[in-house]
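K.L.:
Be aware that the sequence shown starts at 1, since it is given in full-length UniProt numbering, and climbs by one per residue.
Worth flagging that the hints you see were computed from the coordinates, not collected in a lab. Everything hinted at is true.
Ranges of calculated distance between the beta carbons of each label pair, as one might list FRET restraints:
| # | residue 1 | residue 2 | range |
| --- | --- | --- | --- |
| 1 | F25 | V47 | 22 to 32 Å |
| 2 | D28 | D61 | 47 to 57 Å |
| 3 | E36 | V62 | 28 to 38 Å |
| 4 | A70 | F25 | 58 to 68 Å |
| 5 | R21 | K53 | 38 to 48 Å |
| 6 | D28 | V62 | 44 to 54 Å |
| 7 | K53 | T33 | 24 to 34 Å |
| 8 | Y63 | Y37 | 27 to 37 Å |
| 9 | K53 | N20 | 45 to 55 Å |
| 10 | A42 | I22 | 22 to 32 Å |
| 11 | N20 | Y55 | 49 to 59 Å |
| 12 | G41 | V62 | 27 to 37 Å |
| 13 | G31 | L54 | 27 to 37 Å |
| 14 | L43 | A70 | 33 to 43 Å |
C-beta: ideal position from N, C-alpha, C; glycine also.
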Amino acid sequence: MVPTGAERTAATERGGREPNRIGAFARDRRGSTAMEYAMIGALIFAVAAGTIKLYGTKMNDVYGRIGATAAQVQ
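Given these sequences and hints, build the entire structure.
P.N.:
Structure below.
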């Protein structure tokens, strides 16, 4: 909604066109898809990093036992 009359005068006295710029920025959808993909990628990275940190030593033990068993079989 674009301010008119007294509202426009009050908006101009409060700082010029800043409220209009903020509103335009909020309505602008350019780049939103890229930002959504970046957020999804960051979430996947955080989950993967947490999983590796949590299960890393346990998996190292499992692979060590598998390697030891494979060495005995040969």
